[in-house]
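There are 2 protein chains.
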Amino acid sequence: MLKRYLPILEWGRTYNRGVLTDDLMAAVIVTIMLIPQSLAYALLAGLPPVIGLYASILPLILYAVFGTSRTLAVGPVAVISLMTASAAGAVAAQGTAQYLEAAITLAMLSGIMLAVLGLLRAGFLANLLSHPVISGFITASGILIATSQLRHIFGIEAGGDNWPEMIGSLASAIGTINVWTLAIGIPAMLFLFWVRKGAKPALLRLGLADRAAGMTAKAGPVVAVAMTIFAVIAFDLADRGVALVGPIPQGLPPITMPSTDLALIEKLWVPALLISIIGFVESVSVAQTLAAKRRQRISPDQELVGLGAANIASAFSGGYPVTGGFARSAVNFDAGAQTPAAGAYTAIGIALATLFLTPLLFNLPIATLAATIIVAVLSLVDLKTPGQLWRYSKADFAAHIVTIGVTLLAGVELGVIAGVAASLLLYLWRASRPHAAIVGRVPETEHFRNVDRHSVFTVPHVLSIRIDEALTYLNARWLEEYVLEEVADRPAVRHVILMFSAVNEVDASGLESLEAINHRLGDGGIGLHLSEVKGPVMDRLKRTQFVEELNGKVFLTQDRAFAEVSLDTGEPPASVDHYLARGLI
Amino acid sequence: MLKRYLPILEWGRTYNRGVLTDDLMAAVIVTIMLIPQSLAYALLAGLPPVIGLYASILPLILYAVFGTSRTLAVGPVAVISLMTASAAGAVAAQGTAQYLEAAITLAMLSGIMLAVLGLLRAGFLANLLSHPVISGFITASGILIATSQLRHIFGIEAGGDNWPEMIGSLASAIGTINVWTLAIGIPAMLFLFWVRKGAKPALLRLGLADRAAGMTAKAGPVVAVAMTIFAVIAFDLADRGVALVGPIPQGLPPITMPSTDLALIEKLWVPALLISIIGFVESVSVAQTLAAKRRQRISPDQELVGLGAANIASAFSGGYPVTGGFARSAVNFDAGAQTPAAGAYTAIGIALATLFLTPLLFNLPIATLAATIIVAVLSLVDLKTPGQLWRYSKADFAAHIVTIGVTLLAGVELGVIAGVAASLLLYLWRASRPHAAIVGRVPETEHFRNVDRHSVFTVPHVLSIRIDEALTYLNARWLEEYVLEEVADRPAVRHVILMFSAVNEVDASGLESLEAINHRLGDGGIGLHLSEVKGPVMDRLKRTQFVEELNGKVFLTQDRAFAEVSLDTGEPPASVDHYLARGLI
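If you read the sequences in order, they're chains R and L.
When the first sequence is numbered by our numbering, its final residue is 1332 and no position is left out of the sequence of numbers.
When the second sequence is numbered by our numbering, its final residue is 1332 and no position is left out of the sequence of numbers.
Since the hints were made in silico from the structure, they are not lab data.
Keep in mind that the hints are not guaranteed to be accurate.
Repeated chains share a single entry, so a pair holds when one copy, or any two copies, can fit it.
As the list claims (entries may be wrong) - Mimicking DMTMM-like on lysine to aspartate or glutamate, the simulated pairs with C-alpha atoms at most 25 Å apart in a straight line are:
#: 1; residue 1: K1131; residue 2: E1262
#: 2; residue 1: K1289; residue 2: D1215
#: 3; residue 1: K1281; residue 2: D1215
#: 4; residue 1: K1014; residue 2: E1160
#: 5; residue 1: K1289; residue 2: D1008
#: 6; residue 1: K1014; residue 2: E912
#: 7; residue 1: K1014; residue 2: D1306
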């Protein structure tokens, strides 16, 4: 029980020197990668860059204690940073103490929500985000993020709450471009694009081993950071209007308290919930992918607890919402991390950076960080999915396009909500029209098949309906309409047999519909029978009055049901030959 | 096409004198019943009594044109009146012009929403209200309504926004009871209770025919109205503090305009949506029940249009939200109404009442109307359902109790929302854990059954999983977890066969999960195979890369799949006898 909530007790027992070496090695590589990323994502969230470092220390240690993934690397990520900017920007202006307080409070709320959902084992809520919605959301977020960072590349002032506004604002400020900033930003961006694809082959050609080349290529952003800092100093760019990171407070994260202002919490709880769910979905997908590669396991519900603890820790150490990131977890995995301890060592690395490295970052151009962000998020933009979805499923395509459209035009929060609502409505629409078929007997067999597809035997006074779906409240109304309409269409019908072979469940609404059908058919003098009811379904039906009040019988097989009720033609009894001749028995 | 949207064109063609007589007869009886009801429900909605009459004229005529039920009687109903009071009370004080404007605007918004949902054929949205939620909501509303009317019976001032507050308010004002009011209210209530059960048998004993006795008993409220008016005049109760209806403007409904104030509309749209959906569900249930009795049909989507038109008409003629009511529709049906024209004749009856009858109602005690309401709504309170639900389904019980609890403690709107949310969460929770089984071959057959329930044959390097559910985004994550965990549990597994015999659909999320499973199993050197894929599912899968990239084969039957992949034991090939001996072929 304790191990379920504290996975560290499990892997900690077998921790040894070999594992320590692997974890340390991975931690060094992830630390090098994480420093520029943390600064950049904090910038994207509208926060001072150092906040990104703060959010990469204590949260990692807490995740190491409570998380179930061996290789997930937690910290600030692009989409969550954008969502933080959107939520905090709605309650305060960037750069104010209130804005920072809002970001910290978002981390707190999100942490509490994640932990509570985890303790309630409510990870299933993440199912509300279908793949088309997630991919649409990430594509649109990528476009929004890249667009929002262009101003730093151009060295201009621009804003906008949605994509058309952002583009308009950029276009109208294009005259004030700072060429020195552009001279930093464009090469940095091109270099980083090249690093993604071209650096590894180049390093291989230089004679590095495959794994070493791959790892070294991950240090590309650090090289860009170092080179642009050097350029700023060499060409005295600070005086030429290039925006720099500037002074970063040196030292470990301060202890901060999230706000307890109820008015603020009321404004932030919806964005915090969306941040929690999006963050959880992103994190758990990454964790599952990596765990499967080594045939390990994660527990989604405990992941909620782990991420919750990480976010609460972030709130108390001056950070903002964090989650498991795709790129850095993959690097952690490839670098050979064996246990969550690697994350804790990364945290120590980042802490050392805040103690000793921050003065070096004074001259880092903002444009370099913007270039890092743009290159990272453009790889998230996926333009192939819409076409694939269109071919595969129009409903999924619709949910995808709604998500992209609303996210671009009305922002990230409404985008997620619209996507979830669209998926759910389409699902409910389909669920409200389940499949059922009028069936008849395949001649000279005991099988019953759809009358529309097979040449089968039926009699006018018996209507056999096979229901291909569990009866729940979403289709209970349909069931009533369907059965009663089919009966209304056939004035000769005296018996209805519902074939329950595929009915896995009947909820209270389904039961009530069956009772209503029974009652209404009874009013019209029509018998209602059931056949092939599954054991568990029958057990529950027996606990009710339904079977007793049934205006007909429950038959073990459809064949028996059909044979027996076909005999009741409402005509005077005839000889056995009469029925045999008609195939009734 | 035109007939679909104007059902009057259908039944109007065959209208004749016989039908006219039946409809007129029914209209007279419904009119007599509707007058006190309309006055009472307007009182419940916090509106002047005459508004109830206004809401019973034009809406009935519009429903007769656009509605599809032959016998539904539209007008003010108890639950919708309570919801109107709650919504209008949130934006204005009772008795003000703003309050009336809010009620009219609610009718307008609700009418537009219903009509739009109808034109979009979105009647399926009513499925969101499960039977346990509806019955919980109606029970709790009945308790709230009855409690709210007690103050009129006692002749005291009391209020409260939720049930505990109402009870507290009544208790603290109990000292100021007006005994004369009580002397009217209690006998009226007892009389009306007796009328419900005892009047018909008494009339039968007096020698009336069965149907005549039943119809006469429905006039009970009119008798109560007449007797209490007489008592007021006879004992001069107006001077003794008994609250009376007072002056009612004489004449046809005025033409009114709903508000176009966006701030007001923003406050009212959520309650208007809830009023629309609750009203639609109530109405369509009644209409379906009555239609089934005569083997007639209604079209739920066109019913939305009909009710929408009725509500828009109500908004333009000084009324408030209306819907089809259970009691009056049943009376209309029993009285022999044949077509919606009966509703139009009822409207004429009510119009005549507003022209000539209103002066007679000056001395009608409010307590009589309150007694009418209490007796009507207490029959809606259903105390047996919770026990039945508890025995049948704990999830449905939970949704029922949540709805009752939230409605009583936080009001009708939050009650409905909480009920819908609870049902949906429980549904999603169940949908996220569908049924699947590890299967093995029943010896010497081609059948495959659950290994836990049957004695079947399996081999350690092949895992066969039968999935008993469509693969949608709600269970896509489960599928990944389930398959990968089962594989992680069995280190010997080299092949996984997914048996798709019960998979009716695979949406884009399900497809992506299958691709992820394929990819991850491939990483571990494990083959993934499908068997018994249904035709339509296979057709769609073929449009994707999935089948091509599948790390295994698609087999027509599970038997073929098992026979073929069992041969790949990973051991050096052995003789055919070896496999035969092990039952592998």
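Evaluated hints:
1. K1131 / E1262: Answer is between: at 16 Å across copies they meet the 25 Å cutoff, but 49 Å inside does not.
2. K1289 / D1215: Answer is both: 22 Å inside a copy and 24 Å across each meet the 25 Å cutoff.
3. K1281 / D1215: both (13 Å within a copy, 13 Å between copies)
4. K1014 / E1160: both (13 Å within a copy, 21 Å between copies)
5. K1289 / D1008: neither (54 Å within a copy, 56 Å between copies)
6. K1014 / E912: within (24 Å within a copy, 28 Å between copies)
7. K1014 / D1306: neither (62 Å within a copy, 58 Å between copies)
Hints 5, 7 from the earlier list are contradicted by this structure; the remaining hints agree with it.
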